[in-house]
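Trainee: All chains, please: the whole structure from these sequences, using the hints.
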Amino acid sequence: LGATEQQLHVLRQKEFVQRARRSSVEGEIEYAFKHVLVRDVAYGQIPRAERAAKHLRAAEWIESLGRPEDHAEMVAHHYVNAFELSRASRQDVAELGERTVRALREAGDRALALNALEQAENYLHQARALAPDDAKLLLRYGRVLYLRDERGEAELTEASKRLPPAQAAEAKLLLADIAWKHGR
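For reference, each letter of the sequence shown is one residue, going -6 to 177 in our numbering.
These are calculated hints, taken from the structure and not from any lab test.
Just to be clear, a hint being listed does not mean it is correct.
Unchecked claim - Between beta-carbon pairs, the in silico distance windows are:
id: 1; residue 1: Y36; residue 2: P157; range: 44 to 54 Å
id: 2; residue 1: T(-3); residue 2: Q160; range: 42 to 52 Å
id: 3; residue 1: E53; residue 2: E8; range: 30 to 40 Å
Note that the Cβ used here is the ideal one computed from N, Cα and C, for glycine as well.
Mentor: What follows is the structure, encoded as structure tokens:
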């Protein structure tokens, strides 16, 4: 770790990076590029496959910190980037896709728990794009659309057809509420 600290010290002296006042992860030291252009050029110099591996390692490291509900969004960010970069570099993404869907679902659930409906919709929409046949995910997405602005009829209807009766009941209740609110 001494070599990394020395390299960061040199970069700080040249004013490429600066130490963050407050780290995103408690108990850790965080550095950030001083200018977004320098960051983008440095990031662009890393081959896609290597960037994917770095994002995957970052996601796994963040997961290892515990308290997944506090880090769900960061984990999802890194898995999405790892997935997209792996796919762009023509790597096998089957397992990574499953992990990415799980991370997006957890981030969506976390956002929903915080009543951040726009973010929840975004995470679940991304997850649905990767797992279009997941009926439980479809129900989650439909629920968020309903809570956000009473949309989601198509998603809830489809979920109610594909889920077992006990789970389909929630979709049907939400559909009935939408119909009632629209005077049908």
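Trainee: Each hint should be assessed against the structure and marked as holding or not.
Mentor: A quick look at each hint next to the structure:
no.	hint	verdict
1	Y36 - P157: 44 to 54 Å	holds, 45 Å
2	T(-3) - Q160: 42 to 52 Å	holds, 49 Å
3	E53 - E8: 30 to 40 Å	holds, 32 Å
Consistency note: the structure conflicts with none of the earlier hints.
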